[in-house]
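Chains as they are written, first to last, in the UniProt record's numbering: chain F, 1 to 268; chain H, 1 to 508; chain X, 1 to 310.
It is worth saying that the hints were derived from the structure and are not from the lab. All figures in this text were calculated on a predicted structure; none of them were measured in a lab. Do not rely on the hints blindly, as some may be mistaken.
[Stated by the list, open to error] Only some residues are given here: those of chain F computed to face chain X with a beta carbon under 7 Å: (1) A94; (2) A101; (3) P103; (4) L105; (5) L106; (6) L109; (7) V110; (8) A113; (9) L190; (10) F197; (11) R217; (12) A231; (13) V235; (14) L239.
[Claimed, not checked] These stretches of chain H come out as covered by chain X in the derived footprint (C-beta under 8 Å, 3 or more residues): (15) 33-45; (16) 117-127.
Glycine residues also receive a C-beta, built at the ideal position from the N, C-alpha and C atoms.
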Amino acid sequence: MRRAVPVVLLVVVAVIDWPAEVVDFGDRLAPPSPAHLLGTDVLGRDVLARVLGGVRWSLGLGLLALVVATAVGTASGLASGWWPGHPLGRGVQAVVDVLVALPALLVGLVVAAVLGPGLAPALLAVVLTGWAPFARQAHRLTVAVRSEGWVLAATALGAGSGRVLGRHVLPAVASPLLAAVAARFAGTVLTLAGLSFLGLGVQPPTPEWGAMLAEGRTYVFVAPWLVAAPAAALVISTLALGWGTAQPSGSGARRYLGGSWPWRWRTK
Amino acid sequence: MIRSVRSLVLALAALLILAGCGTTAPADQGVRVALQFPPRAGYAFDADDGGLLTKLGVAEPLVGLDPQGSAVPGLATSWAREGDGRTWRFVLREGVVFHDGARLDSGAVVTALTSVLSRPTPPRSIADLGMRVEADGPGAVRVSTDAPDPVLPLRLSSGTTSVLSPAAYAAASSSGGQPSPQDTGTGPLRMTEIRGTQGATLLRHDGYWGPRAASSQVTVDYVTEPQTRELALRSGDVGFAEGLPETSRASLQADPDVTFSEYPSARTVLLQLNGSAAPFDDVRVRRAVTAALDRTALADQVLGGSAAPAADLFGPAVPYGMTTPPPDGDVPAAQALLAEAGYGPANPLRVRLWTFPNRPELPVLASAIAAQLEPAGIAVDITVGDYAAQEPELLAGRYDMFINSRSYLSDFPDPAGVLDSDYTCDGSYNIDRFCDPAFDATVAGLGALSDPAQRAEVFRAAAATLTANAVNVPLVHPQNTAAQRGVTGFTPDPLDLRPVLPTLAPTD
Amino acid sequence: MLGVALRRLAWIPPVLLVTSVAVFALPRLLGGEVTRSVIRARSASSTPDPAVEERLNRELGLDRPVVTQYLDWLGGALRGDLGTSFTTRSPVGPAVLEAAGVSAVLAALALALALAVGVPLGALAAGRPEGAADRATRWGGAVALAVPEFVLGPVLVLVVAVGLGWLPALGWGSPAQAVLPVLTLAAFPAALAARLVRAETAEVLGHASVRTARAKGLSPRRTLLVHVVPRALTSVTAGAGPFLGGTLGGAVVVEVVFAVPGLGRLLAEAVEDRDLPVIQAGLVVVVAVALLAALATELAQLAADPRLRS
Numbered sequence: 001m002r003r004a005v006p007v008v009l010l011v012v013v014a015v016i017d018w019p020a021e022v023v024d025f026g027d028r029l030a031p032p033s034p035a036h037l038l039g040t041d042v043l044g045r046d047v048l049a050r051v052l053g054g055v056r057w058s059l060g061l062g063l064l065a066l067v068v069a070t071a072v073g074t075a076s077g078l079a080s081g082w083w084p085g086h087p088l089g090r091g092v093q094a095v096v097d098v099l100v101a102l103p104a105l106l107v108g109l110v111v112a113a114v115l116g117p118g119l120a121p122a123l124l125a126v127v128l129t130g131w132a133p134f135a136r137q138a139h140r141l142t143v144a145v146r147s148e149g150w151v152l153a154a155t156a157l158g159a160g161s162g163r164v165l166g167r168h169v170l171p172a173v174a175s176p177l178l179a180a181v182a183a184r185f186a187g188t189v190l191t192l193a194g195l196s197f198l199g200l201g202v203q204p205p206t207p208e209w210g211a212m213l214a215e216g217r218t219y220v221f222v223a224p225w226l227v228a229a230p231a232a233a234l235v236i237s238t239l240a241l242g243w244g245t246a247q248p249s250g251s252g253a254r255r256y257l258g259g260s261w262p263w264r265w266r267t268k
Numbered sequence: 001m002i003r004s005v006r007s008l009v010l011a012l013a014a015l016l017i018l019a020g021c022g023t024t025a026p027a028d029q030g031v032r033v034a035l036q037f038p039p040r041a042g043y044a045f046d047a048d049d050g051g052l053l054t055k056l057g058v059a060e061p062l063v064g065l066d067p068q069g070s071a072v073p074g075l076a077t078s079w080a081r082e083g084d085g086r087t088w089r090f091v092l093r094e095g096v097v098f099h100d101g102a103r104l105d106s107g108a109v110v111t112a113l114t115s116v117l118s119r120p121t122p123p124r125s126i127a128d129l130g131m132r133v134e135a136d137g138p139g140a141v142r143v144s145t146d147a148p149d150p151v152l153p154l155r156l157s158s159g160t161t162s163v164l165s166p167a168a169y170a171a172a173s174s175s176g177g178q179p180s181p182q183d184t185g186t187g188p189l190r191m192t193e194i195r196g197t198q199g200a201t202l203l204r205h206d207g208y209w210g211p212r213a214a215s216s217q218v219t220v221d222y223v224t225e226p227q228t229r230e231l232a233l234r235s236g237d238v239g240f241a242e243g244l245p246e247t248s249r250a251s252l253q254a255d256p257d258v259t260f261s262e263y264p265s266a267r268t269v270l271l272q273l274n275g276s277a278a279p280f281d282d283v284r285v286r287r288a289v290t291a292a293l294d295r296t297a298l299a300d301q302v303l304g305g306s307a308a309p310a311a312d313l314f315g316p317a318v319p320y321g322m323t324t325p326p327p328d329g330d331v332p333a334a335q336a337l338l339a340e341a342g343y344g345p346a347n348p349l350r351v352r353l354w355t356f357p358n359r360p361e362l363p364v365l366a367s368a369i370a371a372q373l374e375p376a377g378i379a380v381d382i383t384v385g386d387y388a389a390q391e392p393e394l395l396a397g398r399y400d401m402f403i404n405s406r407s408y409l410s411d412f413p414d415p416a417g418v419l420d421s422d423y424t425c426d427g428s429y430n431i432d433r434f435c436d437p438a439f440d441a442t443v444a445g446l447g448a449l450s451d452p453a454q455r456a457e458v459f460r461a462a463a464a465t466l467t468a469n470a471v472n473v474p475l476v477h478p479q480n481t482a483a484q485r486g487v488t489g490f491t492p493d494p495l496d497l498r499p500v501l502p503t504l505a506p507t508d
Numbered sequence: 001m002l003g004v005a006l007r008r009l010a011w012i013p014p015v016l017l018v019t020s021v022a023v024f025a026l027p028r029l030l031g032g033e034v035t036r037s038v039i040r041a042r043s044a045s046s047t048p049d050p051a052v053e054e055r056l057n058r059e060l061g062l063d064r065p066v067v068t069q070y071l072d073w074l075g076g077a078l079r080g081d082l083g084t085s086f087t088t089r090s091p092v093g094p095a096v097l098e099a100a101g102v103s104a105v106l107a108a109l110a111l112a113l114a115l116a117v118g119v120p121l122g123a124l125a126a127g128r129p130e131g132a133a134d135r136a137t138r139w140g141g142a143v144a145l146a147v148p149e150f151v152l153g154p155v156l157v158l159v160v161a162v163g164l165g166w167l168p169a170l171g172w173g174s175p176a177q178a179v180l181p182v183l184t185l186a187a188f189p190a191a192l193a194a195r196l197v198r199a200e201t202a203e204v205l206g207h208a209s210v211r212t213a214r215a216k217g218l219s220p221r222r223t224l225l226v227h228v229v230p231r232a233l234t235s236v237t238a239g240a241g242p243f244l245g246g247t248l249g250g251a252v253v254v255e256v257v258f259a260v261p262g263l264g265r266l267l268a269e270a271v272e273d274r275d276l277p278v279i280q281a282g283l284v285v286v287v288a289v290a291l292l293a294a295l296a297t298e299l300a301q302l303a304a305d306p307r308l309r310s
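Only chain F is shown next, with the shape it has when bound in the complex (with noise of 0.2 Å):
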């Protein structure tokens, strides 16, 4: 219980409408003050405004994509998985394999190059990197639990493939799947915040933390709290999505080089 207060708070600073974009000229770079917490930036927009209101973009952005990249890639390793001989799984593991060993600000780049820097680029390069090593895990566990005892029944009293895919394999791969969801959730925030730092990404004036910081940079002599408070909304976030949570086993590091690790993914 404790346990989702975090959680709930979040999605209560998500929904609420921050003052993240009323103006005032007159308090242009005002350092932290009981007014503005956080100081105003060079419209003399409150920071603090603007970092509660860039939770929605951050952490929602990246939610939005690690859900697309995570039922795209469950979808397909679960495909790939069951019908392991076919030649349009053996052609997506193979494009799996090359998008894992891609960077996924580089892929932003190339998408960049195509389409224009923008939102919806940014988020296209982050589920293009994204969701490989899903499927990829997905594919992995998949074949493990194929040969099982209850999968087996299952398919001999007469269910069909999608039905035994839903019913049966799904919630038996559910577990460790949405455990390697939640170790990406931070390394997706950071690559579109890294992309939207580079202009690939949010633009100016949605208060989305790495754009904020790129705008910051610019000011960061005479007024280093726009770089600060973004910065450190990230990496407290990031810190707080259990990136650096890992168990003393390792295995959280080992989930987030994902597939990549396959030496130790016992089934327990």
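Starting from the structure of chain F, add chains H and X where the hints point.
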């Protein structure tokens, strides 16, 4: 194990300290500078790189410019119009020696200009004029155009018409490449090393015909990020940097080790309005927008004084520019105009505002403009996007408001080209969709005017017409900045067309 | 094992081919913005001129059918000619190679530093759980993993270059200029290496062989050095591929922040200018490197763990 970690840390610390010592020692006698714009196309004259070579003091055109933007002798000492007015005769300076030792003569000039004219895309200062160049004896050339051109000498002040040694063109035609400025210019500085878009090394050209370069060596770093240029200056990596971030202005001005210069630029940030569709096809709505904006606040507060408020298309960088400040914002007047045009609380006006992020001040201005228009009753939706994707929409008139940054001089100090392309009915860059036959006739009349004073009068009148029709809202004129640290001799050039580096020298 | 390697290796050329087709065709099919972008990149002129555009199209060869253009490019690429940059008009191959060399040096230095710092720290931490080194590694590592390069870089510049004045703030070429970019880029893999080594070491410490060694009277430090660290290192070496992938991504940011003339910066600039030949070549190089790194990882894994060879 512990010991090995400790020694590693020590080694790292030692490395840091050693590295630190390396940079504090003086590098050499010369000057190191951080410039804003790298060569775009390997110093090609048919890109804008000829202008860069002039700025560096490496290559020179036939005609020079004085600080007001009037033609003065360069590689040519005098010129005169001949006969039918379509031909100009330029007398070449005697005793000019290229960096490779060759002598300047009419053959070299013909080779150089013919080469650049025959490119697929000649520089815009001399393109599409039917320009021909021929020698008139060894010491003079004749330049003719299809139609009489009153500003031909000014056109030949463009750095894109600089003359390199004949050897450069010979090498280029045999290799299929483009002429290289390495050791082939005539300027006070000789380019001895080209480091791509990273930088270049320049040495003093002792055989220069004019005043000697102040420094024996200038090392050029092209640094595209303003922040990085500032850091390079502050950390002492370079002694001169241009285009500094707006926010560092105050601290650089206060720094006793730094000489900070600020000067106008021949550029206007415009709020362009789509005059071909509702709501901005109604002049009252355009005037309402103009009235609602407080341009002084935009320049002084939003941009922190890094720009001057614009009252007119042309600013203080040119003699015909407006120097009086624009009127203050007048929200009641704006509301009245909007009400006249049929907008108000019952029929609120909501418009889209587009801009692009390549110039970081534009998105900031967009937010500020939205905030200033709101009290007048205009709701603004901002989209910051990719210019390449916006341009076709803008030119087709499928937009409401657009913040653009436009230089009104290109390559040479005469704005007739911009007036023609941006504001005549058939102009190729007429984003505001302004069309007025009388205005077109005024611009066309410039083709027969050669007197600079008369031309200036026409430019002033044209700008006034645009302001009267509220065709767009000139918002601000950005200020150029430069800073010297341990370096003297910088002379600001609002036109951004004259040599900058030859006068720089270390202070000790 | 050789079979696996060959099979994987055989995949690389078709993948590169598909990548190049996608990168080649999509921007060209998406419209005539390329020419305008190139004009803007070359001359800062925003005034469109159809005649100029047509001439430039011809100069760039964009007026031909896309298929012809592609086959032309492919033929050249196979002969080692990657074409001419749209904006700089210099050959793409040498430019990409030079930039890739810079990136490789940057990444190699960062990875070397990461391993040199991360591996001993991780082993130290595992040797004494809950000791000072363990706690420092855990917390420092957690922060290093959470701080992206685009935060760490500017902070280092501010503190070390501006605040303390120890190091140059930008550029590339001298050893001093390399320190900050390398440190920025090394933080993440160093933390990751420390964490992995710590985890692996802890696991190996529980093994029978280690207990036997201890029982035979080997000192703890010797046990760690002889029996534990080599095994832990194997796993880290096997993980060098993903390290390299992550480092490549981080290098883009680091190169932009520190003005390092590497491949990431070259690509970022080419994207802005729509310099298609540079994008194509740079991308094919990046994909090839990433694939080879992944392949090397896989082989290292196979070598490290015979159970996978079935």
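State whether the coverage of the stretch 33-45 of chain H by chain X holds or is violated, taking the criterion as 3 or more residues with Cβ-Cβ distances under 8 Å. holds (count 5)
Per the CB criterion, is F:V235 less than 7 Å away from chain X? Nearest chain X Cβ about 5 Å off; hint holds.
Hint validation: F:A94 versus chain X, beta carbon distance must be below 7 Å. Holds or violated? Status holds, d = 6 Å.
Coverage claim, chain X over the stretch 117-127 of chain H, checked by counting residues with Cβ within 8 Å (three needed): Our answer is that it holds, as 5 residues pass the Cβ test (under 8 Å) against chain X, meeting three.
Would the stated hint for F:V110 survive a check requiring a Cβ distance to chain X of less than 7 Å? holds, 6 Å
With a cut-off of 7 Å, does the beta carbon of F:A101 approach a beta carbon of chain X closely enough for the hint to hold? Check passed: Cβ of F:A101 comes within 4 Å of chain X, closer than 7 Å.
Let's test the interface hint: is any C-beta of chain X closer than 7 Å to that of F:A231? holds, 4 Å
Given hint F:A113 near chain X, where the shortest CB pair must fall under 7 Å: At 4 Å from the nearest chain X Cβ, F:A113 passes the 7 Å test, so the hint holds.
Using Cβ atoms only, decide whether F:L239 comes closer than 7 Å to chain X, and label the hint accordingly. Nearest chain X Cβ about 5 Å off; hint holds.
Under the criterion of a CB-CB separation shorter than 7 Å, is F:R217 in contact with chain X as hinted? holds, 6 Å
Does F:F197 hold up as a contact with chain X if the rule is Cβ-Cβ below 7 Å? Holds, because the Cβ-Cβ distance from F:F197 to chain X comes to roughly 4 Å (cut-off 7 Å).
Hint check, F:L105 versus chain X [nearest Cβ-Cβ separation less than 7 Å]: This interface hint holds because 4 Å falls under the 7 Å limit.
Going through the hint list in order, the structure satisfies each hint without exception.
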